[in-house]
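*Asks:* Sequence:
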Amino acid sequence: MYTHSNSTMSWYSSIVLLLLANYISSNIVKIRDRYDQNIIPTCNARVKYLRCRCQSNEKPISLHEDFTSPDVRMIEITNCKNVVFEANAIRNKTSLKSVTLKDISNLILEEFSIYKNVKHKHQTITVTIANSNIHRVPSFSFKGMSMLQLVNVTINHISPFAFNSITNMNSIRFFATKVNHIKSQAFRKITTQHLIMNGCNFNSVATKAFSNLYVKQNMFVMYSNFSNVKRNAFMIPYTKQMNITNSNFHDLKNGAFNIQTASISLRNVHFSKANAGVFANIRSPRGLGQTPKFSLNFVTFSCFNGKNLKINRNSFQPDFKNVYFHTPDKKCG
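6 is the number of the first residue of the sequence shown in the working numbering; add one for each residue after it.
Simulated from the structure, these hints should not be mistaken for laboratory data.
List time: in silico BS3-like cross-link candidates among lysine-lysine, alpha-carbon distance up to 27 angstroms:
1) K326 with K278
2) K326 with K312
3) K298 with K221
4) K102 with K53
Across the chosen pairs, the derived CB separations fall in these ranges:
5) R51 with K326: 50 to 60 angstroms
6) A92 with N138: 19 to 29 angstroms
7) M227 with N84: 27 to 37 angstroms
8) H255 with R141: 15 to 25 angstroms
9) S232 with N93: 29 to 39 angstroms
10) G292 with R51: 49 to 59 angstroms
11) N230 with N302: 11 to 21 angstroms
12) A92 with K312: 40 to 50 angstroms
13) N138 with Y329: 31 to 41 angstroms
14) Q246 with S170: 18 to 28 angstroms
15) A92 with R288: 39 to 49 angstroms
16) E63 with T172: 34 to 44 angstroms
Quantities reported herein were computed from a predicted structural model and do not represent experimental measurements. Even for Gly, the Cβ is constructed at its ideal location relative to N, Cα and C.
Modelling step: build the complete structure from the supplied sequences, incorporating the hints.
*Replies:* Following this line, the structure appears as structure tokens:
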């Protein structure tokens, strides 16, 4: 009897140990698979980084909060047809330093997607999106960045508050990017050192599209086209230097630029229709010591209006050279 009971107990113990081992092994695999390359065949995931390089005819990649390790430092996704950035995907990734998205045919952003909680400046991230298409940038999509760079990106719609309450940025850079609609307060309460728009096309820029955007150093617009810019579209309380070169404005409403700057220069710029008083709300800060120049050089107005060149004389000295006016058969603003 004793031998039989001992044998039975030993048999039950073996079964329990086997089940326990299988349970532990299963959970180890699950934990590993959360962060390893087995999640999606094209993704190489480790504790410190996530790299996804898609092949043809693959399923969409959907990034969610548990997609990567809590300690991930870099996310890089390239050559994918469909990528979904879900809400809170990176919100609490305290070690994350960079997000790079390239060659994505359809990039879908949800609210609070590329949105990181930042308590200290060293926790900010750099975000680069290149050669990609975004139908809609929803509200509260971006936060916690030190740099935002869009290169050859097509965006149909940027919603109000898409970029909201972002401080301590080094730069916002648009290169060869096309945006159809920038809604009111799409860029709101942002502090950055530099704002650069180079080789871009902006179709419709709403009133207060850029609202309370502080540019501590340079605002540069180069080789860009603006179709319809509403009144107070650019509300920039301060920028040290504002330069617009080799650019075109099709329909610029009066007071489109509501900007305070210590230096302004427009060179090789064409205005198809500039309504009266387009420059009237550009002013200089107090206490500069001497009145800065408002420089126009090789600037063309297709539609002449006596108030096209109205500037704030209390803020600037006019410095106009090679300014040309044409009067086609259309009504001027």
